[in-house]
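Based on the provided sequences and hints, a complete structural model is requested.
Taken in order, these protein sequences are the chains called A, B and C.
FYI, this note's numbering numbers position 77 of the first sequence as 77, with every residue one higher than the one before it.
FYI, this note's numbering numbers position 145 of the second sequence as 145, with every residue one higher than the one before it.
FYI, this note's numbering numbers position 508 of the third sequence as 508, with every residue one higher than the one before it.
Among the clues, some could well be false.
Said to hold, decoys possible - Straight line, CA to CA, 30 Å or less: simulated DSS-like cross-link-like pairs of lysine-lysine: (1) Lys-566/C <-> Lys-59/B; (2) Lys-59/B <-> Lys-552/C; (3) Lys-118/A <-> Lys-21/A; (4) Lys-530/C <-> Lys-520/C; (5) Lys-18/C <-> Lys-21/A; (6) Lys-245/B <-> Lys-126/B; (7) Lys-18/C <-> Lys-161/A; (8) Lys-520/C <-> Lys-566/C; (9) Lys-337/C <-> Lys-19/B; (10) Lys-206/C <-> Lys-520/C; (11) Lys-59/B <-> Lys-308/C.
If you are wondering where the hints come from, they were derived from the structure by calculation, not from laboratory data.
As a plain string of letters, each chain reads:
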Amino acid sequence: MSSTAHAEHLQEPVTGIPNGKLGIWLFLASEVMLFSTLFTTYIILRVAAPEWPRGWEVLNVPLAMTNTFVLITSSVTMVLAYAKAVTREKAAFNKYLGLTIALGFVFLGIKAIEYGAKFEHRIAPSTSIFYAIYFTTTGLHGLHVIGGIIANSVLLWLSNKQWDHPLFVGRIEYAGLYWHFVDIVWIFLFPALYLL
Amino acid sequence: MTESNYGWGLPTAASTFAKEIDFGIYLIHAAMFAIFILWGIFFVYLLIRYRARPGVAAKHEEHGILASLIPDFIVLAFELCLIFLYAIPSWSRIKVETPGAQDSLTVEVTAEQFAWDIHYPGPDGKFGRRDPALVHASNVLGLDPNDPSALDDIVTVNEMHIPLGRPTLMGLTSKDVIHSFFVPDFRIKQDAVPGMRIPVWFEPTKTGKFEIGCAQLCGFGHALMRGDVFVHAPKEFENWLVDQKPALNPTGK
Amino acid sequence: MADKKHSDHHQEQHWVWKYVFSVDHKVIGLQYLITSFLFLLFGFGLLMLLRWQLAYPGQPVPLFGRFLPEALAPGGVLMPHFYNALGAMHGTIMVFLGMVPLGVGGYGNYILPLQIGAPDMAFPRLNMMSYWVYVVGGILMLSSFFIPGGAAQSGWTSYPPLADISPGQTMWLVAMIFVITSSLLGSINFIVTTLNMRAQGMTLSKMPIFVWGQLVTAVLLLLAFPPLEAAAVLQVMDRVFGTSFYLPTGLVIFGQTLDVSGGGHPLLWQHLFWFLAHPEVYVLILPAIGIVAEIIANNTRKPLFGYKEIVASMLFLGVMSFLVWAHHMYLAGMSSKLSNFFLVTTLIISVPSVAILTCLILSLRGASIRYSVPMLFALAFLPLFGIGGLTGLPLGLTTTDIYLHDTYYVIGHFHYVVVTGSLIALMGGVYYWFPKWFGRRMDDFWGKVHFWGTVITMNGIFFPMFIQGLAGVQRRLYDPTAQAHNLPTQPLNVVSSVFAWLLFLAQIPFIWNFFYSMFKGKKSEENPWKATTLEWACPSPPPHGNFETPPKVYRGPYEYSVPGAKTDWTPQHVET
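Written out as structure tokens, the structure is:
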């Protein structure tokens, strides 16, 4: 562990951007490539398809709308949690980060209701190419939400011990960047699958 | 007879565009050899001339950076010539422009694990409807018996008979996985992709038997997936065609 | 042993943390190096089996045949599906588990932080994680030989629909997702380290070519691997959840209609795969070029010719490599007009490669060439990589590719690039940096035996493939004698195979030399090659944290034979 501290503290970053921040941006760049590939796949297969179901007729738009609202709200609470970490208000920080995590769970819960309704009607990824794309993209996005919840929960748990750690505020910022990315992916997915 | 077609170099050139492709292959290889030899001589010269010797120090200064760009520009110019004077025109002659259907023999070629099914329209000149659900050992292409134009269609497996003197225009597809239609003597190759119908044409310049190979890994029988093209004189071809029984009515009852 | 000085104030670490789950970039580098060499050896073993079938089709494999399970090789004769599995796994293991982890994980990890004067990588724990994720991926890949149905058998390119319906593929995909994840984590680490951890004075324009090569490689990995990851996820969906991303409507497999929804497209995979796999070629070659540049500069005792030109070419290669992928697909059924676009980009991308090669050769002019063992490897790289590049020309041209596509010509071409090119350079790197790793030198005589044995046999394997390709012999044929046009050149298969087995013998001196010298080799001085770059400015092997005091950089990386200097090398960190 000492070597980690060694590498992270002793040297000022040459670019002026902290290692962690540069790292998370690079990670997000690769994530952008991942999701753009899926979007490209969606466009190619949709253009080639003889017919394509209307998203708003076969999918549950009100639930997805609610979910969009939930995720956007969680992005706001994430920003507030970061702000409170910067101003060193621990109680408020805990509240907002906890709220972010809770909203993540709400998103997953609503998603589960949506999936459940589909499975009840015997609709699965293998039903058609539309559902294949629907389940794959939203499923992968769901995994990213779970990843975000885990990261945020770890930070919430660490906040007791590492509140004064010099890198702690930075870590909240990086988790926030990731969480916003997950939010943005959904904002693209929602119209692409449900509204277009 | 056919053994003589194949040896250590390129096989016999037996289609109208084979010579054009061979020209490119020979030209590029000549250029490659020339570049490599010249370059090799220079390289060996440097290795000997500038070996470490006591009392002779290396020169620190570097000069002639601009001159070093000369080979880059020569290569670029050569490649641009190749692209615009050779590759694009010949590619469009071979792969983009197809001959008119009325002047050609039209066939449908369907690849499957591990055979080539050749589908002729029969005397009515119309290809019958095909349905994947009807595919059966006795009806490899799934020809629909309810379609009148299917009744006289002729299907051969691994044997493609074509006439000399006019182009053969084929629609290439596959039933299962990706295959690749390759006739070395004709210098033609095209992947057969399920769900796509890709037009391919060639015009033979020699009669005889030429091998069809599969050039895309298609499963455990890939190596055994072969067939033959028989190029006949026009009259002989008509005779062959007349002798064929319709695929849906092989006994001719 | 390296930690003596530092272990006074660090508490003594258990050997598990020191050598197995270490976060030190040097230990991780060596772990990568040795693991990937083992994978290369294993992948080569698969090849030796496969080459038996090509040389003597249908005859039982001698010696090893009896150890093969009946289901794969009854009586020692390889079954076609086992042959295909060997082919697919040879390609996959060599590329994804051998060459990339060796060039990037091994060399990059060990050398890059040293060359920029950093105490470690930016994220040491992430670095350890990358290695172990790679190991897990590798084990999954190997274990696929033991699952029912055997390993993946649809080629390393895994084209669906074949890959969607063949056994073994799911394991391949899962293993690939691990390997890709490992590379992604690694590439983030490399980029951040290179940008953020440089020593004082180490500006971008003073970085060694090796570092530039690693930086461009890392960017390629970062941006090119996610599409393959997505493609692999879609193939997993097809195989496990019955979707049809790559399956069109109306497939009939052996007379049975395939029960899927259809509506997908087989070419989708090819586009996604080659979008990765062409940058992948540069991932294989750029670290090698970096190593060659280091060795050449050091052994010519003069500055590298055209440093800026080489760096610019590397950056240009990096960008262009994202625009050429479909030149693998001229005959795949995509729009014929689109081919013209990729034809132009493909030939444009050859220009920077020519520029790099020209600079490296011109570096010899006015030199004082020391024919050390690493230099022999670096020099051999130049003409052999040249052959690889030149033979890409008839494949890159659409018209000639009609005939040569998917023949042995292609195999000859990319093996000249990757094996006699990259692998030769990566082997030379071992001789060059061995004193750095272990403080000892490898034996020169056995090094030369290894060099000549390797270079001669490699050419013996791959050159006949061009002749076979011109005769029209297709790739991936289980039985090369089944088709008439392949028969005349069949003796060449025997030639290739014999040289392949000899190549194995030529590696024995290398393996022996490596392990013997590790313990018993001649002790090396701190800077045995009299080199200028920073990795030689610390003890060999470097202690934990690398440099006693953070080094300061005063000049460019290759200041050899500076007029007026006392010695013919002026290190980057020495103030004069």
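### Query
If you check each hint against the structure, which ones fail?
3, 8, 10
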